[in-house]
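Chains A, B, C, D and E are the protein sequences, given in the same order.
This note's numbering applies: residue 1 is where the first sequence begins, and numbers increase by one.
This note's numbering applies: residue 1 is where the second sequence begins, and numbers increase by one.
This note's numbering applies: residue 1 is where the third sequence begins, and numbers increase by one.
This note's numbering applies: residue 1 is where the fourth sequence begins, and numbers increase by one.
This note's numbering applies: residue 1 is where the fifth sequence begins, and numbers increase by one.
There could be a bad hint or two in this list.
Claimed, not checked - Taking lysine-lysine and the PhoX-like style, the derived pairs with C-alpha atoms no more than 20 Å apart in a straight line are: (1) C/Lys-107 <-> D/Lys-26; (2) B/Lys-117 <-> E/Lys-59; (3) A/Lys-635 <-> E/Lys-59; (4) A/Lys-46 <-> C/Lys-366; (5) A/Lys-635 <-> D/Lys-147; (6) A/Lys-407 <-> A/Lys-556; (7) A/Lys-134 <-> C/Lys-366; (8) D/Lys-424 <-> C/Lys-157; (9) B/Lys-89 <-> A/Lys-635; (10) A/Lys-592 <-> C/Lys-157; (11) E/Lys-53 <-> B/Lys-117; (12) D/Lys-146 <-> E/Lys-103; (13) C/Lys-454 <-> C/Lys-366; (14) A/Lys-42 <-> C/Lys-208; (15) D/Lys-393 <-> A/Lys-659; (16) A/Lys-635 <-> B/Lys-117; (17) A/Lys-43 <-> C/Lys-454; (18) E/Lys-103 <-> D/Lys-344; (19) C/Lys-157 <-> A/Lys-607; (20) A/Lys-556 <-> A/Lys-482; (21) C/Lys-107 <-> A/Lys-43; (22) D/Lys-393 <-> C/Lys-208; (23) C/Lys-450 <-> A/Lys-43; (24) D/Lys-95 <-> D/Lys-146; (25) D/Lys-147 <-> E/Lys-103; (26) C/Lys-450 <-> A/Lys-42; (27) A/Lys-600 <-> C/Lys-296; (28) A/Lys-627 <-> E/Lys-103; (29) C/Lys-208 <-> A/Lys-591; (30) A/Lys-134 <-> A/Lys-43; (31) A/Lys-635 <-> D/Lys-146; (32) C/Lys-110 <-> A/Lys-607; (33) D/Lys-95 <-> D/Lys-26; (34) C/Lys-296 <-> A/Lys-42; (35) B/Lys-27 <-> B/Lys-117; (36) A/Lys-629 <-> E/Lys-59.
To be verified - Footprint (simulated), chain E over chain D, 3 or more residues, beta carbon under 8 Å: (37) 127-134; (38) 175-189; (39) 342-355.
Calculated directly from the structure, the hints in this document are not laboratory data.
Ideal Cβ positions, reconstructed from N, Cα and C, are used throughout, including at glycine.
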Amino acid sequence: MNEFLQIKLLGIFSLGMNLGWALLMIPLLPLLGFLSLGLFGKKYLKQSAGIFATLLLAASAFLSLHIAYGYFFKYGKLEGAYQKIIPIQFTWLQFSPGLSIDLGILLDPISVMMLVVVTFISLMVHIYSLAYMKGEERYPTYYSFLGLFTFSMLGLVMASNIFQLYIFWELVGVSSFLLIGYYYDRPSAVAACKKAFIITRFADLGFLIGILILSFYGGTLDFNSLIEKLTSTNSTEFKTIASASFVGISALTWALVLVFIGGAGKSALFPLHVWLPDAMEGPTPVSALIHAATMVVAGVFLVARLFPVFSMSEVALKVVSIIGIISALFAAVIACTQTDIKRVLAYSTMSQIGFMMFSLGVSGQAGESGLGFTAAMFHLFTHALFKALLFLGAGSVIHFIHSNEMKDMGGLRKYLPITHITFLIACLAISGMPPFAGFFSKEEILLAAYHHNATIYWIALATSGLTSFYMFRLYFSIFWNKEYIAHGEVHGEGGFVMMMPLILLSLGAAAAGFIPFGHFVTADGNLLESAFHLQFSIAPVALGLLGIFTAMWMYKKQNNRPDTIAHSMNSFYKLAYHKFYLDELYLFVTKKILFNLIGKPAAWFDKNVVNGLVNATGNSTVFISEKMKGFQSGKVQQYAIYFLAGVIGLAVLFIYIWK
Amino acid sequence: MSGSTIIFYLLSILTLVSGILSVTTRKIFRAAIFLLFSLIGIAGLYFWMQYEFIAAVQITVYVGGITVLIIFSIFLTQQAGELLPKQNKNRVLFALLAAFCGFALTLLQIIQHSFNKTLESPILPTMENIGNQMLGIDENGFSLPFEVVSILLLAAMIGCIVIALRSKPTTV
Amino acid sequence: MNLTLLILLPLLTAVVILLMRSSVQVKWSALIGASAQFILALILFFTFRKERALGNASQMLFEIQYKWFPSWHISFHLGVDGISVAMILLTAFVVIAGVLVSWNVEKMTKEFYLLLILLSLGAYGFFISLDLFILFFFLEIAVIPKYLLIGIWGSGKKEYAANKLALMLMGGSALVLVGLLGLYFGGNENTFDLLLLSKMKIPIMVQKICFPLLFVGFGVFTALFPFHTWVPDGHSSAPTAGSMFLAGISMKLGGYGCLRVATYLMPEGAREYANIIIVLSTIAILYGAFATMMQKDLKYINAYSSVSHCGFVLLGIGMLTKTAIAGAVMQMVSHGLMTALFFAVIGMIYERTHTREVNEMGGLIKVMPFITTVLFIVGLCSLGLPGLSGFVAEMTVFMGSWQNPDPFHRVATIAACMSIVVTAVYILRAIGQTAMGPINDRYLSLQDAKWNEKLAAIILIAGIIAIGIAPFWLNDLVTPAAEVIMQKVAGK
Amino acid sequence: MLNDFLLLMKSELVLAFILFLLLILKVGKEIRNERLLALIQILLLGNFIFGFFFIESGSLFGGMFATNGLIAFQKSIIGLGIYLISLLFSDWLKKSEHLPEFFILLLSAVLGMFFLISSGNLLMFYLSLELATIPVAAMANFDLDKKISSEASMKMILSSALSSGVLLFGISLIYGVTGTMSFDQIAALLDGSSLQILAFVFLFTAFAFKLSIVPFHLWTADVYEGAPIAVTSFLSVISKGTIAFILLTILYKVFAPMYALWYNMVMLLSVITMVVGNLFALRQQNIKRFLAFSSIAQVGFILLGISSYSNEGTSSVVYFVLIYVFSNLAAFGVAGAISQAAGKERIEDYKGLYQTNPFISWVLALSLFSLAGIPPTAGFFGKLFLITAGASKGNYFFIAVAALNMIISLYYYLRIVRAVFMDKNDQPIAKINLDPSTKLGMIICTAGIILIGLLSWVYDYITTLSI
Amino acid sequence: MMEPGLNHVLFVSTALFFIGIFGFLTRRNLITMLMSIELVLNSVNINFIAFNKYVWPHKLDGLFFSIFIIAIAAAEAAVAIAIIINLYRSHQSIDVENTEDLKF
């Protein structure tokens, strides 16, 4: 306790000094970027901020690749199963013996995978932004925020302690807030960033209470021991948490559901998703990084991280899967009607995360039944690639056209050839077309769902059809449809700097599916050989193609088919177009209930009742004193009468009454 | 009923009745005269109790001094023959109440209390005894109070002179 | 380390200020004095750590005892434990920042700084005294400077606010006084000595009477619901440094008193009334937060949020677990730094825009990036962002509160947790309307922070971040002391 | 015997010497007021300093006169008080037509007070009480041109005559019951019969009247307002202090057997006095009247201390009076200086005073803080010790009332502070040129206000005396 | 009728005392108020003499007390009359109801 820093360098030496430092550098380099740019960027690094940050991140990305390579191929495995390694950990805040927030690094397949994803996507976004954000007034600020975000996200994925995860979870939230509100002078951006923060904050409340419950019963905040204690059915901790119940539901379920609420908030799952579309107010590369590839999957990551515990509670898993599938379908429907391209992408993100979630929900813990877990992680991985690509592509389009609205676009394939190709690859990938990455991951998800729950499977199937429809609706609307009429001078596609990330990501989106994911990431760390059934893929692929062709039919050429169709299902279309009025509902809740029914009365009560009482005390004292002044009448004889009354009164009192 | 009893009652009645009249009459001179009678009655009581010295002092100081002072001041401040202003009813009522309650209470306590008479031999209030003690400084001497009173009288005199012999006319 | 230095130094500073002629001299001597305090506090902190590391396990370190009114069994008894050291550090931070922030007070500069230094004197004395009499003495010393600061240099309905503050605080200390007398006569020996009293078995009846008196009395200082109404008016009318001292130091006197005097000396009483405390503080937390939501004046926002945040302090104390109490202390430190910074920023903004209405501002990032950055940091700290002190403190309180397994405590904890959402709402609202959004043309020519303001902000931010990033030092400081208190409460 | 006489009565003798010196000077050649005042100031300072030498205890005149260390200290306090009065109000005194007479009356009153606290006998008690009252009543009329001055004087002499009538009746009853006047003997002979209670009530009432305990206080404010400010301060500080001292003796020594009775009475009256005094002070506009009511409230606190019936009670009361001398005289000194220079006595006239007169503003503020009992001023210690002494009997309800009264009192004290420091005024009272001796007086008061509390040996000294 | 003793005398003195008080309370003229005070003081004197005579004849304390009271009464009356005369000069009246400038 007397040491300032109590670093337990567990195993650092056994793994070689380099690993520990490398690991530490991965998050610290972006942090360094954040600090140096935040403090001195304005003065000293006005021009070179981007390069500086990018270089830092490149180093970080390289290190994480190095770590990933080492973990997966060199030292991660022990007796055929990937181990959870904690090379660094120190006590950050000791609550009581055994209960402490430790900061540390936990290496296991999912965290290593996330390391790679986060650093890679972030690097891409950094590079892309070099061109995209050039000339912005707050260029260094932008990069410093990116650095902060990357740092927090890395901290989140490497967390070894549930509270550490919570800490970085919040940091991620705030950096997202900062980045969404980057264009601070736009009221809509300000509103969006506040909304995003508050809604995720609300969800975090659940997460926090969940942590409290878990920590109370588990007696620890450390992931490994928590999982260990709460998964062995004969440990006392498990017995108490499973037997303790509130409103008929066990404490374990409560805790997990609450934790899941936190995840749902950050991952924009129904009904906490309303912040995500608005979050598109941020710069587009930010959307690619945060609201597509990394932060929004934090919820998925959280559930995956605690998956062994989740698997102890069927109810909790059920909740996860139901919310997941609802979100998937719900978002897909809305996505078909939106006209802002970034919003479409946002809803598609939500839908895809729904996929991952229900995939986790239908998963089991060990062996074959753990397919859902692997699939979710796989989809997370591939989704990060192609969704980032989509957003960056959209960014390229927006960069060109200075608008987000579909109606301003059309026929851009000639002007933006590289963007066009890469965007198409991404669309195919997300639609699950073989052999692109999305195909493999989505196939696995559907398979897992199929084995587990038919309803979910069918809804998922339909949703994947819808996915390809709206994605290609987007694609055709941007690149085909009407001819683009340039106003004034037309500048071409962004330069090489902007295109390179697109190309790199499209390569990934095209090829990542062939990674044997089950070899690396599984629920129990053991190898999972996913059986691949060709006949199973027929239905989804066919549905996907159907979606593509429908979209082509409707949007390839400018025509009135979309309008007619929209007209024909008028009310439903309207409902979907208005995002099922959820925003309005939230607005109602906050404005009418929170502000008018609680806030206002509280303020009124304070001003009038509490304060009024205090003032009344003072005033009544003055009042009494005013009323009493008659005693001091100025008449000596009156005084004398009081005097005598006093004498007689005292005498009577003490002779007869108060003896 | 002995003569001394009769004398006592007569003196008491004189004292009390003229006392009452002194505080109720609306003619200020009469009030002063009644006060005089009452004081004389009290002096009579002292005689009756055989405290001749104090009776003499009473007559000298009160009857001869204070009353005269009062009458002079009445001359200075009062137009002759003017009736004293009436007091308001409430005040009279409350005063009567207070005085009566006080009287009843005090008298009750006095009557209920049995005074234990001392058993030591009495010292007679003769001139000799009084004179010795007045200037004595031992256990039963009263020279210190005597000095104090003299300072008080001196101070009172100076005070009276300063206040009463004001030269300038009133402004405020 | 001689603790009397902590009292003598401000005294010396005050004398020097009195002797100075020009306002520049006054300012510099105040600054030098405040810096000396700051250094002294740091020295105290490090020597304290060193002593502890060397294994000095006595409850109070650096004890000294001078005779003072021996016939009343009063002694000038000083000593510190971890909690006191934490509070002293807080005071030193706030004092130096307050002195810096008020650099351009031109009206009666000498008096202004004199009062500031006197206030700090009261606070230091309060935190280091181990005798309840001198504790009370220093508690009251701190009241009148506040009154004058608000009344003379304040704004708005300052006289009303100053009066209200002085009277309510005096009311609180009157209750404290009665409670202290109860302790004095209630134990088996007439003494005001804290350590002696703590070893005594104070009769249950006395505890039952004196605990609420003391707790409410000190609670008034800490904005215990419903005795918090001085907070909004007082804070909003006070000059910048006044608000900083008021919220940063003065409100902590109450929390410290609740803990050190009420709870520590009367554990049975504390257990008896714990539930009431919890209910009241939970109400304060939520109610303060909701009331903040409706405020439009920046100072009112911070004032009401202080009600809410100080609720955590009392909640932590009421929860009666070691962690919760440690959390309460951390929350005191954290809130002290944070709210002082917040008021400093509000002062800076007000000085430039001449308004505190959030509706009239907007887009200030553009012209004053430094100030708005500080505003962001302080806002985020207030809503409990990890990496800043607020998070650490609140989480410790929650963790500690949660250790009580019964539904009552659970519900209270959850209700208190809910405030983090409401806090986010009002903080973001305030920040959004002030710093973000389109800028008003008339603000375009405003200047960013000057050196003194920057320095003040940086000092406070350093404190906030030091706790936020590395809470273990504070925890190491506070927890053993909290454990001592808890052992007494638990009846060991 | 003569030695004893000289040593034991030395304070009285010195005072009498000064008194006669003044008389002779008055009779002799006309001396300019300034010179005379300077002489008087020096003499009074000498008197005060001399009070600390040759302190012995013993009794004279068959127990009529008794003295000891504590009594000597009490006399020193009084001596200090009159010295301060002679300094603080020198402006007014210099302009007075009757300066020597004023001091003759003042000193004879002080002599009365000395005898009063030294009295060991009801007769001496009564006589010196009158000696301490009648000259003051005459002094109250010393603003001869003012209507209110004579009104005040009239009210004072008539009310005090009535109260001494009641007192005398009480004394006569006690004499009738016990057959003795001597304090020592009375105590042994009291048994608490109802006639004794009645007698005690009569007797106590006189104290209540002089100390202005509610409901016997009504004369106080009128007299204070009307009398010249020097007399007011004398009445409010020195006269009250003296009565408190002798009350201690009477209650603790003479009526010790009836402790249970007078404890209740004192407590009850203490609370009523505090509350009523505070409530009236709340709405006063005239500073003298305001201070009158505030002093009534202070008396409530003194009663609280007295009620403890212990050495702590004695020492805390004496200590409080000492502090009260400094605090209240400082306040009166400022009020007097302003009244003399600007002719203003209303609180609202004090607005903005700080801008023009920072020194006296601080003196006033400090004295008010001390009266309100705010640390680090001495008043804090004084009040706190009184309350602590009062609490020693465990009557917390009364203590709580007392503590809450401190808040009300703070409110009205702050009202003046607020007027002086905060309120704006277009025409504040112009810069006042203080007489050097006035300034000296204020500095002494300020020093006393700050130091008496912090230097704990003052209190310890009193404690050692009061055993 | 009984043989008069202590209680009889005390009755007289008490009655006189309260007669004086009554006068003090009801008389509006300042001089008559002063006269009432004299009655009060005299009643006390009777008390002292009576107690001295009937209960404690072994010393002359009561007697001396009365003597001093008489002296004081004289001094008091003198000062009071001086004050009253001064008041009369400034107020042109010695009606107590006219002297109430100082109040509240």
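inquiry  = Run the distance test for C/Lys-450 versus A/Lys-42: straight-line Cα separation, threshold 20 Å.
reply    = 17 Å, holds
inquiry  = Hinted pair, alpha-carbon criterion (20 Å max): A/Lys-42, C/Lys-208. Please report holds or violated.
reply    = 60 Å, violated
ask   = Is the straight-line distance between the alpha-carbon of A/Lys-556 and that of A/Lys-482 20 Å or less?
value = 8 Å, holds
message = Hinted pair, alpha-carbon criterion (20 Å max): C/Lys-208, A/Lys-591. Please report holds or violated.
response = Cα-Cα ~44 Å, so violated.
Holds or violated: C/Lys-454 to C/Lys-366, with C-alpha atoms at most 20 Å apart = It holds: about 17 Å lies between the C-alpha atoms, which stays within 20 Å.
key: 20 Å limit on alpha-carbon distance, applied to hinted pair A/Lys-46 and C/Lys-366   = Holds, at about 16 Å.
inquiry  = Please check whether the segment 342-355 of chain D has three or more residues whose CB lies within less than 8 Å of a CB on chain E.
reply    = As far as the segment 342-355 of chain D goes, the hint is violated, because 0 residues have Cβ atoms under 8 Å from chain E.
ask   = Does E/Lys-103 pair with D/Lys-344 here, judged by a C-alpha cut-off of 20 Å?
value = 18 Å, holds
key: Given pair status - B/Lys-117, A/Lys-635, alpha carbons within 20 Å   = This hinted pair is violated, its Cα atoms lying about 44 Å apart.
request  = Compare the distance between the alpha carbons of D/Lys-147 and E/Lys-103 with 20 Å, and conclude whether the hinted pair is satisfied.
outcome  = 14 Å, holds
ask   = Does B/Lys-89 pair with A/Lys-635 here, judged by a C-alpha cut-off of 20 Å?
value = At roughly 15 Å apart (the allowed maximum being 20 Å), A/Lys-635 and B/Lys-89 satisfy the hint.
inquiry  = What's the verdict on D/Lys-393 and A/Lys-659, does the C-alpha distance respect the 20 Å limit or exceed it?
reply    = Answer holds: D/Lys-393 to A/Lys-659 is near 18 Å, not above 20 Å.
Hint compliance for this structure: hints 1, 3, 10, 14, 16, 21, 29, 32, 34, 35, 36 and 39 are not met, and every other hint is.
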